[in-house]
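What follows is each chain in one-letter form.
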Amino acid sequence: MDSLRLDNILFDKVTVNFDDRFTLSEIDWTIEPNQHWVITGTNGSGKSALAAVLAGVGDIENGTVTGLPKNVGLVSFEAQAELIAKELKKDDADIMDVISLGTPVHEMIFDNCRDPELAQTLVEKFGLSKLLDRAFRKLSTGETRKVMLIRALSSKPDLLILDEPFDGLDVDTLAMLQAHLASIIDTTPMILVLNRFDEMPDFITHVAYMDNGKLTITVDKQDENAFNELYQLLHLKTTDLSVPEADPANKLPALDPSQPLVKLNKATIQYGDTVIVDKLDWTIEQGQHWQLSGPNGSGKTGVLSLITGDHPQCYTNDIFVFGFQRGNGESIWQIKQFIGYVSTSLQWEYRVSTSCKNVIISGFYDSIGMYTKATDNQKKIADQWLELLGMKDRADQPFNKLSYGDQRLLLIARAMVKHPPLLILDEPCLGLDDMNRQLVLALIEKICEGKETTVLYVNHHAEDQIKGIENYLGLKKN
Amino acid sequence: MANYFNTLPLREQLAELAKCRFMNSSEFSDGVEALKGKKMVVIGCGAQGLNQGLNLRDSGLDVSYALRPEAIAQKRQSWKNATENGFVVGTYEDLIPTADVVLNLTPDKQHTPVVQAVMPLMKQGACLSYSHGFNIVEEGMKIREDLTVIMVAPKCPGSEVRAEYVRGFGVPTLIAVHEDNDPKGEGLALAKAYAVGTGGHKAGVLMSSFIAEVKSDLMGEQTILCGMLQTGSILCFDKMVEEGIDPGYASRLIQFGWETITEALKYGGVTNMLDRLSNPAKIKAFDLSEELKVIMRPLYNKHQDDIISGHFSQTMMEDWANDDKNLLQWRADTAETNFEKTPAGDVEISEQEFFDNGILMVAMVKAGVELAFETMTAAGIIAESAYYESLHETPLIANTIARKKLYEMNATISDTAEYGCYLYNHACVPLLADFMKDIKTDVIGKGLSVEDNGVDNKRLIEVNAALRSHPVEAVGAVLRGHMADMKKIV
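Here the protein sequences line up with chains A and R, keeping their order. Using my numbering, read the first sequence as starting at 1 and increasing by one per residue. Using my numbering, read the second sequence as starting at 1001 and increasing by one per residue.
The shape of chain R in the complex, shown without the other chains (with noise of 0.2 angstroms):
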C-alpha cells in the first residue's frame, strides 16, 4: 500500500485540502432517512463505537456489533459494553454479510487488519465508514470498488458524544466521502443521515473530504492541542519551581489554568482570551507570543511538512511494526516529568488570578493557535478546518489535563496524537530554551508587579489590532455564529 495522498496529481491534492464546507441545517432535513430500516454493524466497541451506537439506535436505527472471535470467547471489555446495553453481538462472519453499512470505529492502528478482515465479508454496495481517514489517505488502503465509503468523525471524545445526545444535542461532526469509492452517488446521503443519527447535526457538520480531515487534525493534534500544552505544561512548571514558587501552587496553576484561559478563547476567540489580561499584561503576553511565533515557526512548518509528504505517517507506522517502542518509552518519560508527579496543591486560586499569573501560558496558546492556523492555510488547507483542528479543539484538549494532567490527555487522545505529541515536545522544549532563562515569576507564577496600569495609547492600540485582524479570529467569529447555540453547553 502506498501514500494515497502522494499519488494524486498537486491539483487535485490541492482540491482536496481545501475541501471544507460549514453546512445548513436544512440540508439535514431527511433525517435519518437514509438509514431507515438499514442494518448497521459496528466494529469495535470502544468509547466511539458504544457511543455512537447508542445514539444510533436511539436515533431509530438498527445497530449491532462485530467483535473478533477472541473478544467474544473470553467476555473482554468490549464485548460487556455492547451486550450490557442491550445490543446484539457477533462475529464478523455473522454480522458483515448481512450489513448494508458497516461501521469501523476502532483505533488507528487496528484499520489496516480489520479492513482487510472486513472487505471480503461485506455485500455488494455496502457502505464502510470511519471516523478517522488515516488507513485511507496515509495508508493507502484500496477499498473494493463496489462499496461506498464514507467519513462521519464527531470533534469530541465518545462519552461527550453520548452526553451531548442524551441532552438533545450533539457535538460538531465532519463528514467526508471518498470520491474514489461513490459508486451510487449516495455517499453523501449516508453520511448526512448518519450524522443526524449521533445528534451532530444539531451542532453544526463540516462536509470535507478524507484528506483535509486527516492532514490538518494530524497537524493540528500533535502542534497546538496537545504538543503546545504538554510543553509548555513542563517548562512552566520547572520555571515556576526554579524561582521559588511553591510546587503546589505551580502545579495547580498550570493544570486548571490551560482549561480556564482556553474557556475564554472557546466564548471569544485569541482577543478575548487575551481582553481577560490587563492592559500592561496584554502587552506582555503579545509581546512574548510573537516571540514564541518567531522562535517556534520552524518546528511548525517542519510537522507540517512531514504530515503533507507522509514522513510522520511512516515513520510512525514504523514505531507500529516494533511493538509501539518509542511510544510506550516517550508515555513512561512523560509519566516522570515533575509537573506530572507534583499533586497540585490545596490552594484556591480564583478565575482571573488564572490570567494575572499565567501571561506565559497565555502567550503560549496565542502562539500555537495562529502558528497552527497560519501553517496550515499556508498548505493549502482552509481556513474552516484549520480553526477546528486549532483553536476550537483547543479547550477539549484543556479540559482533559485538568482532568488528571498530561496523563489523562495522552490517555484520551488517540495513539496517533500521542505519538506526533512526543515529537513536538522532544523537539520544542530544547527550541525554547534560551527564551525560558529570561523569563521570570512576572509573567509565570506571581503576575506583574506594576505600580500603575498605565501603558502607552499607541501601543496598546497597534496590539488590539493586530489581535483582531488576525485571519483566525475572523473566521472564528463566523463559525462561533453558527454554533451560537452551543456557547450554551459544553
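Chain A with its partners taken away, still in its complex shape (with noise of 0.2 angstroms):
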C-alpha cells in the first residue's frame, strides 16, 4: 500500500540556473506531507521551472533543497517536448534500412509501469484503447498529453507534478481527470501549475505565487481574504484588460501642451518659525513622470497639497498649476478637475459608508462620497473599473467594509477614472502587505501604459522605482 512520504520538502534560499535561459532566485519554501499546492503566476514568472526543480531539473547554484522524493512523476509541456524530441531522435538515429515507427504508445504505457491494472482502466478512460499500437510520436498533442497523464499516475509517484494538466482537455476528460486526482489525494502528494484560478481543484490547500523567477507569496487557501487577494493579484496580472475609457460628457479643459502642468516657484511652507520646505523650484512638464522622495518631515505631503490645493499656503506662494496662476479668482475643483490622487490620508478620511461602485463614480466629482446622480455611463465606466479590478461581484458591497488592500484598488481606480493629466500617488502602498503591494503597483504599471497621465509617485525610500520614471527629486529635512 502507498503511502505518503514523511519528509518534508524544504528549500532554503535556493538560486537554481536553467542552462543560463533562467534563473530561480532565492526560493525560500516548505511543502509539508497531505499538503497539496497549486503553484501560478504570470507567464514567465517561473512557476514551471520551480516545479521542473522538484523533479530534479536545473543546475542549484547557492542555497539547499532537501527531502525531495526519488520517484517523481511529472507532466509538462516541456517534458512532453523532450519526449518527442527524444522519440525523433531514435528516427534520426536509426541506421537500419527500414522505415522506424517509432516507439508505440502501448510501450510508453506499460513498460517499466508500477501499475498495469490502473494503467488500463486510465487508457480506457481516456479513449486512447485504438491509438495503443500507433507511434507515440504520430499521436496529436493532446493525445501525447494524456500518454505522459498515464505514465505519471500509473507510476505510483511519490510526488506528482502537473503543470497545466488541464490546457487543452475537453470537458470530459478534464471531470474525470479531476475526479481521479481527488480520488488519490490520501496517497500522493500533488502540486499543480496552473494559470487560471477557475481551474483549481477544490482539494488543493496551498497556493505559491512566483514572480520574476521569485516565490513571492504562498497563501493558505483557508485564509480566505490572502486567497482572494492573490485570486485578484493573478487576474490583474493575466488578464489582457486595458485601462477603461474616459466618460466623454466629462471632458476637462483643454491645456496648452506648451505649458508645463505645475511649476513651483520658490515654494516655501512655514508655521510661525518652522520651515518645512525652503524656496523649492519645481516643474514637471506634461508626459514627465516623476517620483518625490525625501523621509518623513521633509515636506512630501505639503509640497503635493500646494499642487492640488489643499494646502492653505498655496495662495501665498507663486504657483502656477494646469493653467491657473494660484490666488486670481480660481476655486479649487478647477485644479482637483485635472488631478488624480491616492494617499494614505485620503484613505482614511473615506469613510463613508457608500458602495464600491459610487466610490469609483466619485472620481468623476473629486468628492468623497457621492452627493449627485450618477450617469448611466458613469455607471457602465465604473463596471468596466471594477471587472479590471477583479471585483466585479463586489460593486454594491459597502466600501467600508472591504479589506485595506481592496480599499486602496478602488481609490486608484476612482483617481484614473476621469484620466486626469496628473496621478498623484503618494505611498500608494504604505500599510499594504506585500500582495496588495504587488497588487497596487500591477494597478500602477496598467495604468502607466496609457499616455495621456503624468504620473508623480511619492514614496520615502528612494529606491522603491516604478518603470518608466525617470525624473527624481529628493527632498531633505530642514
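The reader is advised that the hints may include incorrect statements.
What the hints assert, rightly or not - Which chain R residues face chain A? A few, computed with CB under 7 angstroms, are given here:
#1 D1058
#2 G1060
#3 T1083
#4 E1084
#5 N1085
#6 G1086
#7 R1167
#8 G1168
#9 F1169
#10 K1202
No lab work stands behind these hints, which were simulated from the structure alone. Where a beta carbon is used, it is the ideal one built from N, C-alpha and C, also for glycine.
With the hints in hand, could you dock these two chains into one complex?
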C-alpha cells in the first residue's frame, strides 16, 4: 500500500540556473506531507521552472533542497517536448534501412509501469484504447499529453507534478481527470502548475505565487482573504484588459501643451518660525513622470498639497498649475479636476458608507462620497473598472467593509476614472502587505501603459522605483 | 437699543416667523458670481470665521481677516489661525473701508461692540453679513441705511463646515435678508453666492428670516437639543447608580447612547428611532414619552414664551453685563455632576443594546423633539424651521456628548445656547423628580425582562399610527427626501 512520504520538502534560499536561460532566485519554501500545492504566476514568472526543480531539473547554484522524493511523476509541456524530441532522435539515429515507426504507445505506457491495472483503466477512460499500437510521435498533442498523464499516474509517484494538466483537455476528460486526482489525494501529494484560478481543484491546500523568478507569496487556501487577494492579483496580471475609457460627457478643459503642468517658484511652507519647505523650484512638464522622495517630515505631502490646492499656503506662494496662476479667483475644483490623487490619508478620510461602485464614480466629481446622481455612462465605466480590478461581484458592497488593500485599489481606480493629466500617488503602497503591494503596483503599471496621464509617485524610499519614471526629486529634512 | 421683534406689529411678526422655504438647487446656478472680485473681510477668526473663510477662498473669492489691534500685537490664536493659513490680516481701519462684504463671525455677545466699531468704517452701499440674527432681532441693532444686511448660517460646527466642503459637499445652511436693510435689492443674490462659496448649496439651503432664525434657533437649542440631553443625562445616570448598576456602564450607556439612538432619528425620524425597539419596549417608550410630554409641556411653553417676548435675551444680556456670573457658575456646577465625573467604563455595548437598555432615553428624545416642534409651530414658526431646529440638529449635539460628555457639548455650542440649556436643566430636573421615582432599570440600564415578546395588537397599531402621524414626521420625510444625498455622509 502506498503511503505518503513523511519528510518535508525544504527549499532554503535556493538559486537555480537553467542553462543560463532562466534563474530562480532565493527560493524559500516548505512543502509538508498532506499538502497539495498550486504554483501560479504570470507567463515567464518561473512557475514551471520551480515545478521542474522538484523533478530534479536545473543546476542548484546556491542554497539547499532537502527531502525531495526519488520517484517523481512529472507532466509538463517541457517534458512532453523532450520526450517527443527523444523519439524523433531515435528516428534520426536509425541507420537500418527500414522505416522506423518509433515507440508504440503501449510500450510507452506499460513498459516499466508500476500499476498496469490502473494504466489499463486510464487508457480506457482517456479513450486511447484504439491508439495503443500507434507510434507515440504520431499522436496529436492532446493525445501525447494523455499518454504522459497515464504514465505519471500509473507510476505510483511519491510526488506528482502536473504542469498545466488541464490545458487542451475536452470537458469530459477534464472532469474525469479531476475526479481521478481527487481520488488519490490521500496517497499522492500533488503540485499543480496553473495559470487560471478557476481550474483549481478543491483538494488544493496551498498556493505559491511566482513573480520574476522569485517565490513571493504563499497562501494557505483556508485564509480566505489572502486567497481572494491572490486571485485578484493574478487576474490583474494575466488578463488582457485595458484601462477603461474616460467619460466623453466629463471632458476636461484642454491644456496648453506648451505650458508645464505644474511650476512651483521658490515654494515655501512655514509654520510660525519653522520652515518645512524652503524655496523649492520645481517644474513638471506634461508626460514627464516624476518620483518624489524624502524622509518623514521632509515636506513631501506639503509640496503635493500645494499642487492640489489642499494646503492653505498655496495662496501665499507663486504656483502655476494647469493654466492657473494660483490666487486669482480660481476655485479648488477647477484645479482638482485635472488631478487624480491617492494617499493613505485619503483612505482614512474616505469613511463614508457608500458602495464600491460609487467610490469609483465619485472620482468624476472629486468628492468623497456621492452627492449627485451618476449618469448611466459613469456607471458603465465604473463597472469596467470593477471588472479590471477583479471586483465585479462586489460593486454594491459597502466600501468601508472591504479589506485595506481592496480599498486602496478602488481609490486608485477612483483617481484614474477621469483620465487626469496628473496622477499623484502619495505612498500608494504604504501599510499594504506584500500581496496588496504587488496588486497596487500591477495596477499602476497597467495605468502607466496609457499616455495621457503624467504620474507623480511619492515614496520615502528612493530605491523603490516604478518602471517608466525617469525624473527624481529628493527632499531633505530641514 | 430695543428688541427689534417687539417693535413690529403682530401681523409682521407672524409673517416673519413663518418664513422658511427649502430652496431649489437651480436657484444657485449663478454660483459665486455675485461675490466674484469683491473684497470680503471676515471679523473674528474662530472656528466659524476661519473655516468659512477657507471655503470661500477655495471657491475663488477674495477673503481677508480684520482683527482687533491687540489680537494682532499679541499674536493671539485668531491671528495665528489667519496668518498660518496664508490670509491677509489687518486692523479694522486697514481693511474695512475697502471691504465690499464684512462677515461678522464673532460670538453673539461681541456683536454690539464689533458692529459699532465696524459700521462707521464701512463704505457706502457695502454688505454686512451675520451667521446668527441675535444682534439684530434681540438687541435691536440698527444698521446704517445704505448697508445691505444678510445672514448666512451653516447649521453645523465650523470644523464640519470645512470638512464637508473638502469632501466636495457642504452643510445645510440657512440664509436670510434683513428687509429693513436691502437698499439695492441685492441681499438675496449675495446671500446665495455666499452659501455657494461655503458649499452649503449642495446640502440644501433654507430661505428664512432673521426673526424666524433667532426665535427657532433659541428655542431648539435650549430645550430639546442641549437642555433635554443634559437633564436626561443627569437623571438617567443618577437613577441607574441608585438602582445598583455599575457606574462605568451607566456612564457609557449615556455618553454614547444619545449618539446611537439619534442616529436612527437622523435616518428615519422619531418613527425609525422607536422602530428600533422591540414591540413591548416601543409601547413602553411611547407611554413614557406621553407622560413626559404632559409634565414638560408647560416648561417648553415657558421657554418659547420667554424667547418670543424677549425676556430670555434680556435676562441673559444682564448676565453678560454682570461678567457672565451665572453662566460661569452653572458651567462649574455641570462639571461637578456625577455623570460628568464618572468615566465611561471599559465595557462593550452593542448598537442594539443602546436601544434595548435605553428605553427612557428614547422616550426623552421623542418627547423633547415633539414638544419643541409642537411649541414652535404653535408660536407661528413654520414646520420646516421647527424641524431643523429640533429633530435635525439633535444628532449633531448628541455627537458632541459622545466625544466628551456635557463639557464638550457646552464648549461646542454658543454661550447663548449654553445659557439657555442651564435654564432648562434647572427647571426640568425638579419637574421630573416625581416621574423619576417610578423609574426602574427595566427602562434604563437593563431593558425589559419579558417572558415573551407578545403585545396587544390593538395597542401596537395605535402606537404605530400615533408615531407616524405626528406632524414632525410628515415634514421630516419631505426634507430628508430633499437631502437624500446627505444621508450618505454626516
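Q) When the nearest CB of chain A is found for G1060(R), is that gap smaller than 7 angstroms? A) Interface hint status for G1060(R): holds (4 angstroms vs cutoff 7 angstroms).
(request) Mind checking the CB of G1168(R) against every CB in chain A and telling me if the closest is under 7 angstroms? (result) holds (3 angstroms)
TODO: For the hint on R1167(R), just tell me whether its beta-carbon gets within less than 7 angstroms of chain A.
DONE: Given a least distance of 4 angstroms, the restraint on R1167(R) holds.
*Per-residue hint verdict: G1086(R), partner chain A, C-beta under 7 angstroms*: OK, holds: G1086(R) within 7 angstroms of chain A, min 4 angstroms.
Report holds or violated for the interface hint on F1169(R), using the least CB-CB distance to chain A and a cut-off of 7 angstroms.
holds (5 angstroms)
| message | Under 7 angstroms is the threshold here; is the Cβ of T1083(R) close enough to any Cβ of chain A for the hint to stand? | response | Interface hint status for T1083(R): violated (9 angstroms vs cutoff 7 angstroms).
- Are E1084(R) and chain A close enough, Cβ to Cβ, to be under 7 angstroms, as the hint says? holds (6 angstroms)
### Query
Regarding the hint that K1202(R) lies at the interface with chain A, is the smallest CB-CB distance below 7 angstroms?
The hint holds - K1202(R) has a Cβ within 7 angstroms of chain A, the shortest such distance being about 6 angstroms.
Requested in this report: Let me know if the C-beta of N1085(R) comes in closer than 7 angstroms to any C-beta of chain A, holds or violated.
Outcome: Since chain A brings a Cβ to about 4 angstroms from N1085(R), closer than 7 angstroms, the hint holds.
Is the shortest C-beta separation between D1058(R) and chain A less than 7 angstroms?
holds (4 angstroms)
Of the hints listed earlier, the one the structure fails to meet is number 3.
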